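Enquirer: Here's the letter readout for the chains.
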Amino acid sequence: MHELSLCRSIHQVVAEAAADRTVAAVHLKVGKLRQVVPGTLTYCWGLVTVDGPLAGSELVVESVPVVGTCRACGRDTEVEQVLMLVCVHCGDAPLDLVSGEEFLITTIDLDDPAPAGRRTAS
Amino acid sequence: MGRFHRHDDSGHGHGHGHGHGHDSDEAHDHHHDELGDHHHDELGDHSGYETGADRIVVLERIFDENDRRAAENRKLLDDAGVLTINLMSSPGAGKTTVLERTLGAFAAPERVGIIEGDIETSIDADRLKAAGARVSLLNTADGFGGECHLDAPMVADALKRLDLADLDLLFVENVGNLVCPAEFDVGAHRSVMVYAITEGEEKPLKYPVMFRAVDVVLVNKLDLLPHLDFDLGLFRANLVQVNPGVEVIELSARTGEGLGSWTEWLTAARTAPLASGA
Numbered sequence: 012m013h014e015l016s017l018c019r020s021i022h023q024v025v026a027e028a029a030a031d032r033t034v035a036a037v038h039l040k041v042g043k044l045r046q047v048v049p050g051t052l053t054y055c056w057g058l059v060t061v062d063g064p065l066a067g068s069e070l071v072v073e074s075v076p077v078v079g080t081c082r083a084c085g086r087d088t089e090v091e092q093v094l095m096l097v098c099v100h101c102g103d104a105p106l107d108l109v110s111g112e113e114f115l116i117t118t119i120d121l122d123d124p125a126p127a128g129r130r131t132a133s
Numbered sequence: 140m141g142r143f144h145r146h147d148d149s150g151h152g153h154g155h156g157h158g159h160g161h162d163s164d165e166a167h168d169h170h171h172d173e174l175g176d177h178h179h180d181e182l183g184d185h186s187g188y189e190t191g192a193d194r195i196v197v198l199e200r201i202f203d204e205n206d207r208r209a210a211e212n213r214k215l216l217d218d219a220g221v222l223t224i225n226l227m228s229s230p231g232a233g234k235t236t237v238l239e240r241t242l243g244a245f246a247a248p249e250r251v252g253i254i255e256g257d258i259e260t261s262i263d264a265d266r267l268k269a270a271g272a273r274v275s276l277l278n279t280a281d282g283f284g285g286e287c288h289l290d291a292p293m294v295a296d297a298l299k300r301l302d303l304a305d306l307d308l309l310f311v312e313n314v315g316n317l318v319c320p321a322e323f324d325v326g327a328h329r330s331v332m333v334y335a336i337t338e339g340e341e342k343p344l345k346y347p348v349m350f351r352a353v354d355v356v357l358v359n360k361l362d363l364l365p366h367l368d369f370d371l372g373l374f375r376a377n378l379v380q381v382n383p384g385v386e387v388i389e390l391s392a393r394t395g396e397g398l399g400s401w402t403e404w405l406t407a408a409r410t411a412p413l414a415s416g417a
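For the protein sequence lines, the chains are F and E, in the order given. Numbering of the first sequence is given in my numbering, commencing with residue 12 and proceeding in unit increments. Numbering of the second sequence is given in my numbering, commencing with residue 140 and proceeding in unit increments.
What the hints contain is simulated information worked out from the structure, not anything from laboratory work. Worth double-checking, as some hints may not be accurate.
[To be verified] DSS-like mimics (lysine-lysine), calculated; alpha carbons at most 30 Å apart, straight line:
#1 Lys299(E) / Lys43(F)
#2 Lys299(E) / Lys268(E)
#3 Lys345(E) / Lys43(F)
Predicted model, so just to flag it, every value in this text is computed and none were measured.
Construct the entire structure; sequences and hints are all you get.
Expert: Structure below.
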């Protein structure tokens, strides 16, 4: 529901990181426990970037599954559909979540080559 | 490694107010390792993908800015010694009536502050002022774009209009919504939700993020139980699945039944050190 305000936050971070260089794509990781609709997010990205420095850039959303580690046996369970924090291996509960709540910008792809001394990823 | 490689070392951020992630260093480390491994893979997959293209590794949590502001709010409230509770629910579950009743149980309701989040109108704020509380109204449609939740900067704004020295307790009455408010840390010490039994037993499974985010669920409208097919045991079982450690207090804001357990919880929370709930 708040995809628009999230896109504004993403925009702020990306515009600062790109520092006037042309952005081709912004890569996000979004855990499935984050109540975000990827299609709505990419739609809102078009709205917040129009006419701005990031116009035409693509928002690429990678979904991260919900995974919990069993406190009893230590093995991981991927939780699908309904959130039931029960170990699939030993049936014990609860699980400590290790992924599924991510919401972060991982990388930004730039169109133009970096000026000397500004290259940040190798 | 450049200036944008900010691999969250601020010690907070992810999972704030979601009931986990701060429990142990082990969980924290695990998360970092997972991130580290993954971005290397991703870089490998895409190397040479586009000639002349450059890639900046950012690894910045989108909620970092909100969480930073929330930490500032919490510090302000810690310093003033004001226990602050983020009160959330769906629309019509009874947040305002619960607050009215809660104020009625206090000898000095004027020592209770309420930040009232509503998309439009001051109806709820007026009710709570009449009950004696100090109210700071945030109409989220009034300059905030009609948001579906309160976030930390909005609450920071509302805090400026309250004299914290006059308060012992502060409620942030969030916008009625079972989705968005759960995502935003506002800087409160505790999160409490009001759930009405008219909403059905399956709600914890449908809105797990909200039900996971809270310390206490107030099960309201208990006076309607004889008129409904509501299965309290099933609701509790569903709730425990998504939030094993949650405290459940059954009450009726209308009749006052069970209100004593809630005010006892509040009294206990007020005497506990504030920082431990952050």
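Enquirer: Work down the list of hints and note, for each, if the structure agrees.
Expert: Consistency of the hints with the structure:
| no. | hint | result |
| --- | --- | --- |
| 1 | Lys299(E) / Lys43(F) | 36 Å, violated |
| 2 | Lys299(E) / Lys268(E) | 18 Å, holds |
| 3 | Lys345(E) / Lys43(F) | 13 Å, holds |
In summary, the structure is inconsistent with hint 1 from the numbered list given earlier, while agreeing with all the others.
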